[in-house]
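Q: Listed here are the chains, written in short residue letters.
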Amino acid sequence: MSTLVFLEHRGDELQKGSLGVLSKAVSLGDGDVAGVIAGEGAKALASEAGKFGAAKVWVCEDEEVAQPLPQPRVDVLARVVADGGYDTVLFANSVLAADVASGLAARLGAGLNWDLVDVEVQDGELVGKRPALQDTVYADVGWSGAPRLALFRAGSFDAAAGAGGEPEVVEVSADYAAHSTGARLVGQDSEQSSGPSIEDAEIVVAGGRGLGGPENFTLAEELARTLGGAVGATRAVVDAGWYPYSAQIGQTGKTVSPKLYVALGISGAIQHKVGMQSSNVIVSINKDANAPIFEFSDLGVVGDVHEIVPKLTELIRARKG
Amino acid sequence: MRIAVCVKHVPEGASRLDPGSKLLDRSGEGALNRFDANAVEAALQIKGDSDTEVVALSLGPQKAIDSLRKALAMGADRAILVSDEAAAGSDLVATSRVIAAALEREQPDLVLFGQQASDADGAVLWAAVAERLGRPVVSQAMELSVDAGSLRVKRQTEYGYDTIEAPLPAVVAVSDAINEPRYPSLKGIMGAKKKQQDVLSLADLGVDAGEAGESGSRTTVLALADPPSRGDARKIEGDGNAAQAIVDFLAEKRLL
Ligand SMILES: Cc1cc2nc3c(=O)[nH]c(=O)nc-3n(C[C@H](O)[C@H](O)[C@H](O)COP(=O)(O)OP(=O)(O)OC[C@H]3O[C@@H](n4cnc5c(N)ncnc54)[C@H](O)[C@@H]3O)c2cc1C
Ligand SMILES: Nc1ncnc2c1ncn2[C@@H]1O[C@H](COP(=O)(O)O)[C@@H](O)[C@H]1O
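In the order they appear, the protein sequences are chains E and R.
Just so we're aligned, residue 1 is where the first sequence starts under the working numbering, counting upward by one.
Just so we're aligned, residue 1 is where the second sequence starts under the working numbering, counting upward by one.
Note that these hints are calculated values from the structure, not bench results.
Any given hint could turn out to be false.
Quick list of in silico lysine-lysine cross-link-like pairs, DSBU-like style, CA-CA up to 30 Å [as the list claims (entries may be wrong)]:
#: 1; chain 1: E; residue 1: K287; chain 2: R; residue 2: K63
#: 2; chain 1: E; residue 1: K254; chain 2: R; residue 2: K235
#: 3; chain 1: E; residue 1: K320; chain 2: R; residue 2: K253
#: 4; chain 1: R; residue 1: K63; chain 2: R; residue 2: K47
Quick list of simulated restraints, FRET-style, between CB atoms [as the list claims (entries may be wrong)]:
#: 5; chain 1: E; residue 1: S173; chain 2: R; residue 2: R234; range: 55 to 65 Å
#: 6; chain 1: E; residue 1: S278; chain 2: R; residue 2: A88; range: 30 to 40 Å
#: 7; chain 1: R; residue 1: G28; chain 2: E; residue 2: G212; range: 26 to 36 Å
#: 8; chain 1: R; residue 1: K235; chain 2: E; residue 2: K259; range: 19 to 29 Å
#: 9; chain 1: E; residue 1: R319; chain 2: R; residue 2: R234; range: 18 to 28 Å
#: 10; chain 1: E; residue 1: D304; chain 2: R; residue 2: D66; range: 23 to 33 Å
From the three backbone atoms N, C-alpha and C, an ideal C-beta is built for every residue, glycine too.
Put together the whole structure using the sequences plus the hints.
A: Following this line, the structure appears as C-alpha cells:
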C-alpha cells in the first residue's frame, strides 16, 4: 500500500483532524505514508508532518492554492497521485477536504468512501468502517480499482506525534484547469469566541431550529442557568443568526463532552452528533418521534419544547431551592 | 437564464435497514429530501418574476417523480427524472457521471444542490459533478446572490465566514440555513401536473450501462453489522408529565 494523506492547514498550523488521519495511516504499518500540503506556508509545515510519521511530504505553494478553495487542490492532488504512484488517498472531513476528495474522485474515476470512522487492512485489502443510516447500522466498505479515496468523519482519530523524523520534502506544482481557478475568496470573517467556553462546561443545553426563533433561546438560557451550564447551538440556528458562531457544536463548530447534554429541538444530524456524542448523558426533547437524535439519547422525550422546557426549568429551580 | 436543481427522493421518516434482508427499507412513502427543498427555494428566489427557467433533476426510481412533482408544485418550471434499472446502486463516481450527463444536455447557467441527502449523508456530490462539468463549485452557501454573469456566496467554515465569488456557469450547494422553503399552494399542486416531466434512460443520456450502477461504481459494501449497543436508553412519548420524568431521570443519574 502506498498512502497519501491530505494535510489541511490554516496559517502556521496543520489541522488536528488531518494529523489524526496521518497517525492512523502510519499505524496501519502497511507501506510508506506521505502527506501533501498545499497553500501558503506549506514548506514550513513539512517537518511538523514528519513528526506525525509522514516519510515524505509534498508541498505546493503555487499562487493558485493561496486561498482555501477546493478545485485547484484537486489539480495538485491529481499531480501528486500520478507522480508518487499512490494507491490510497485519505482525507479528514472538513468543508474544504470534502470538496477536494469528491472532485478528485471524479477526476480520477476513483472510489470515494465517506464518513468512515475507522479503517483496517484485512487479508491485504483496505476495509473502511462506516456507520450509516443515522448510525443505525455499521457497514464494512471496500474499493474496486485504485486509487482508493477515503474521507473520515471528524474526530475519528487522535494525532500521535513522535512516530517519525525529518521527512523528505518534494516541491510540486500543478497545471491548473480553467474551471479550478474560477471561484475566488473575496472576504473573510474570522470569528473570535466570546464569553465562557462551552468546551469546558460540565453541562451544556443546546438549542436547534425547533426552538422556533431567536427569542426562544431564552428557554435554553434559563434552563442552562438553572442547571449551572452553558448554551450551545446547531449550525442551522447559528447561520440563521439566532445565536453566535462561538456556541456552535458539531463538525464545523466545537466539540464538547460534558457530563450532561440537553438537546432542545435538535434533529441530530451526523454533523451535529460528532460534536457532542461523547457527552456522558444525553437528554433530548423533540416533537418528531422519528428524529435521529433519539438514536443516541439516553433519555429521549417526544414532545414540544415550548411546553416542557419552562416546566422543567421550574421543577429544577424548585428542587434546588 | 436557466437554473437546474438536483433533488433526491429519499425514504420518509427515519431510514432503516430491513432487519431480514439488510437492504434499505424503501417500502414506505418516499419524499423530497428536505435539504433539497432549500435548493428549490433558492432557485425560485433567484428567478423571482424573471423569465429564468428552473429545471428540477433527479436520478432515482420511478416513484422519484413524486419528489419532482413537489418541486414543480413549489414553482419549478420543468422536471427531468433519470430512471434506469442499470443505474441502481450507483456510488459517487457513477452518480456524478449520470447527473453530469443529464446536466450537459441542459447547459444551465447555475446548478444548485442541497446540503446533503438525508439517507446518504454524503454532502459531496456537487464537487464531483462540478469537476465533470468543468465548472467552479461553491458549497455550504448560507447566502447566495446572482447577477451579471457571476455569483456571490457567504458560507461558514471551521474558521469563520468566507465570501466567495465565481463566474457563471457554476455549481452551488446551499445550506439549510439559506431560506425557509415555501409550501406548495393548492394552485401550485394542481398546476404541477401540467408541467413538462421527462423521464430519461441512460441510453437517452448516452451513458453506457456499464458506466453506471454497480458496474460503474468503485466502492462496495462488504458486510453489515449492528451498531454498538447503547445501554439502557429510554424514550418517553405522550407523557403529560414529561418534565417531571426528566427531573427524575437527572436525579437518578445524580446530575442535579
Ligand atoms: C459540511 C457540513 C458541516 C456541518 N456542520 C455542522 C455543525 O458544526 N453543527 C451543526 O449543528 N450542524 C452542522 N451541519 C448541519 C447539519 O447537517 C444540520 O443541518 C443541522 O445540525 C440541523 O440543525 P437543527 O437540528 O437545529 O435543525 P433541524 O434539522 O431543522 O431540526 C429541528 C428539529 O426540531 C424539531 N422541532 C420542531 N419544533 C419543535 C418543537 N416545538 N418542540 C420540539 N422539537 C421541535 C423538529 O422535529 C426537528 O427534528 C453541517 C452540515 C454540513 C453539510
Ligand atoms: N439521486 C440524486 N438525484 C439528484 N440529485 C441528487 C441525488 N443524490 C443526491 N443529490 C443532490 O446532491 C446533494 C448531496 O447529496 P449527497 O452528496 O448524496 O449527500 C443532495 O442534497 C441533492 O441536491
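Q: So, for every hint listed, does it hold in this structure?
A: Do the hints match the structure? See the list:
1. Distance check on the hinted pair: E:K287 and R:K63 sit about 28 Å apart at the alpha-carbon level, within 30 Å; holds.
2. Under the criterion of a C-alpha separation no larger than 30 Å, the hint pairing E:K254 with R:K235 is consistent with the structure, at around 27 Å.
3. Our distance criterion of 30 Å between C-alpha atoms is met by E:K320 and R:K253, whose separation comes to about 16 Å.
4. Of the supplied pair hints, the one linking R:K63 and R:K47 holds, its CA atoms being roughly 27 Å apart against a limit of 30 Å.
5. Between E:S173 and R:R234 the CB atoms are about 58 Å apart, so this pair conforms to the stated range of 55 to 65 Å.
6. Between E:S278 and R:A88 the beta carbon distance is about 37 Å. The supplied range of 30 to 40 Å therefore holds.
7. A hinted range of 26 to 36 Å holds for the C-beta pair R:G28 and E:G212, which are about 28 Å apart.
8. Remark: the range hint 19 to 29 Å for R:K235 to E:K259 is upheld by a beta-carbon distance near 21 Å.
9. Separated by about 20 Å at the C-beta atoms, E:R319 and R:R234 satisfy the suggested range of 18 to 28 Å.
10. For the pair E:D304 and R:D66, the beta carbons lie near 29 Å from each other, so the given range of 23 to 33 Å is met.
Going through the hint list in order, the structure satisfies each hint without exception.
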